[in-house]
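Each residue of the first sequence is one higher than the one before, counting from 539 in this note's numbering.
Hints in this document: simulated from the structure, not taken from any laboratory.
Keep in mind that the hints are not guaranteed to be accurate.
[What the hints assert, rightly or not] Straight-line alpha carbon distances no greater than 27 angstroms define the calculated DSS-like cross-link-like pairs of lysine-lysine that follow:
1. Lys914 - Lys940
2. Lys641 - Lys737
3. Lys842 - Lys914
4. Lys1256 - Lys1134
5. Lys1377 - Lys1398
6. Lys1212 - Lys1256
7. Lys1430 - Lys1420
8. Lys1080 - Lys641
9. Lys1077 - Lys940
10. Lys837 - Lys914
11. Lys1398 - Lys1430
12. Lys1077 - Lys1134
13. Lys704 - Lys885
14. Lys1377 - Lys1430
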Amino acid sequence: MAEALPPQYDPGLNEEPLYRWWEEQGFFRADARSDREPYTIVIPPPNVTAILHMGHGLNNTIQDVLIRWRRMAGREALWQPGTDHAGIATQNVVERRLAERGKTRFDLGREAFVDEVWAYVDDTGSSILEQLRAIGCSCDWERTRFTLDDGLSRAVREVFVRLYEKGLIYRGNYIINWCPRCLTALSDEEAEPEETQGKLYHLRYPVIGDAAVGLPRLDDGRAYIVVATTRPETMLGDVAVAVNPGDERYAGVLATELELPLTGRRIPIVSDDYVDPEFGSGAVKITPAHDPNDFDLAKRHDLKPLDIMTPDARMGAAVPEAFRGLDRFEARERVIASFRELGLLEKIEDYTTSIPHCYRCDTVVEPRLSEQWFVKMRPLAEPALEASRDGRVRFTPDRFTKVYENWLENIRDWCISRQLWWGHRIPAWYCRSPGCGEIVVSREDPTRCPTCGGRDLNQDADVLDTWFSSWLWPFSTLGWPDATESLEKFYPGNTLVTGPDIIFFWVARMIMAGIEFMGEVPFRDVYLNGIVRDHLGRKQSKSLGNGIDPLEVVRLYGADALRYTVIAGAGAGTDQHLNYENLEESFGPGRNFANKLWNAGRFALMNLGEGEVPRLSEMEPSLELVDRWILSRLSARTREITESLERFRLHEAATAGHGFFWGEVADWYLEMIKPRLRGEMGAESRRAAQATLVTVLDRTLRLLHPVMPFITEAVWQKLPWRDGDAPSLMIAAWPRPEPAWEDADVERAIADLQELIGTVRNLRAEYGVQPGLRVRLRVSGETPEFREVLGGSARMMADLARIEDVAFGRVEGEIGAVAILTSGIEAFLPLTGVIDLDKERARLRGELDRIASQEVATRKRLENESFVSRAPAEVVEREREKLASFSEQTEKLSRSLQVLEGSG
RNA sequence: GGUCGAUUAGCUCAGUUGGUUAGAGCGCACGGUUCACAUCCGUGAGGUCGAAGGUUCGAGUCCUUCAUCGACCACCA
């Protein structure tokens, strides 16, 4: 039967069938009617058109580890999956496809275009959910939701209407961020500032009249004021120039006007505290239709904004004919050229500033005056702020609490209307009956105007920001606004796992919506994972071609290798570096670990035999020292891993599992019990080893299952079980630490034994003793207990250190290599004829020097009264013991050295 | 301009509340045909913990300053 298993684990052969089996078994399903305590995670819904990248790989593996662990721990665990319609992003994708056929969305018209997007989404969309399966994600797929589903759309509309009725949604004419390429408004968060090398243009505006004193003059004698701008084309929309009220330089011209060059318009000089007299010339051009600050200032001074641009950022009807129809950047050139010709260009400076770009298409955003819908955020933000201050929501790592709170403290209203076609249509209708003008906001599509009864209602053409549906995700997916069983059971959720980049977009808004509509925060813990970067620290991006395709990793190394790698490398909030040019370096260790598990399983199968495996409980009296040791270690590691998971220290859990299985179970325990399993130490000893082995494997595989679900399940399924001993699924139960197994004495004894074996191996390697050659070991200074341990470990010493015989006591004058163990035990390897005496002398002297210097340091510390009186008693005691052992070691080593020196 | 991170072995990173000789994986060197695994086993080399001060009996860990890199926020034209 063991022969049936190949010596190499093949993830490709195992993963898919296992996943299908899990799914068929309903392993991932969460039951709203269960009595178990719920545990809920909602997935950050990926864009419906997205394809899996390493960031998803990391984020979703973390969620899967948490959800599998909780499921094993007996919770009714729901991992809610789904996708986001991703308004701008998806619309852009489809528009690009249209463009390939030489068409625009306007050629199709709204309805046909939306059909086109749906066709695209139905066709290629959601493939990312398939890809999540490939990395083992255990979502409850039967609950998959899409933000444009009927149910979720109903939730969106309900929320819009409620907020409107509460006065928290309003419509208004303000400066918003406008993307001239996407032709839509953006929220403040969607306009991403980017450091850009630009210019600062200093322009001269002539003063009308002769009142000016102390101002510079043009060649023709007119006085002028210099204003600076990074966007000179906007001067065509200037309505004033502002100066600080206390600025003496301009006190004399406050009553006069300026000539706005190129336009023939006259504009006033106004004074306002907003202007910083220290900056530049101390005079600011005011363009209320194209700058938010100017807009506010204009309002204060009752100046009328002048909109100079069309939606695609060309110069509009309000500018002189020469500039009309020009693109904003062309216009910039022309404006500057004209100023230069007129002698009105003071200077141009290089200027680095951050200018906002569209987060979807990277086009430079144009601040633009337009009529949009907004959500009044302050009333929603206050309770959300409360929630983190009183600890109802906790961030991991903690430092993000501050980021979250800062944003909420300085929150601004949320522009939610988008001039797109793909998304939730705004549920507002305008009555077009003459003289009515009523705005109807309604849950149901209205057929007539409630005010005038007119039937000519026109629905708002815009759709809602895509985040306006995402912020409802934790409860809209569970059936809200209906009072469903699922909502009752699984809301509020427990943990949200996402990237710090969407704290504002999504996390904060979900918390606000949760409190506002459900009366409770949507989750208690927010775990923020880092960003996946390449080995040079760059963000993975398509244009750099430095990304790693998770599916390729799955194909080459297996999903478990991918998962182990990202979990072991993922401190909370720490970025992770993966080298796309050397996948082996990153994922080889994970694959090797899976293979190690596989082979340990093969080993067990070969050695457990065909018959029944004895139960550990029955074998209790026959357990040997090493059995009790590995059980003790298992218990300690179980505790450690459980605690790590509880504290979101996933990397600790993964590396602890790795260290235990490879470093303790495989490297030591399996090696130690080989002779017993072969039956060389008698039937009872064999049965004890078998019982222990199968228990340890079972527990360890379950400990590792959340991180490496496939390999652990594959091996676990092959373990021989007596009927009824275990259920058929790995999820049966999370291993619990067993207090009964913990045994410090046993651990100490085996630790000494391990050190002894290590020391012998070390000396053998150092002196080049032939690998096959068995040598004798002489031990002295041992305790009676350890003597007993050694007595029972002859076979182990033979196998693990090639020791043919252990003798006790020291024979004076014998030549060989000597080493002192931590416990003070002296290990002596008689190596006559093999050992290089000079080398050994040098080695011993080195040892003595090292001990001497440590002894000095330790003595000094103990002579320091402050240390003795202030340090904890156990630390002082430890130092005392150290000192004692130093002198003992020195004595023993010196004796050996004397022997060597005596023998020339 | 503000806020916050990071800096530990050649590389990627651990290092919990200050307390034995600072760890792991990879890489490197040496040695291994022991019947689970060469995707393996054993041994080893390699670190003034970014710099300088300070607190302390004791600092990789706490404080200050500085340097380098990075992130986020911000309306200075």
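Of the numbered hints stated earlier in the document, which are not met by this structure? 2, 5, 12, 13
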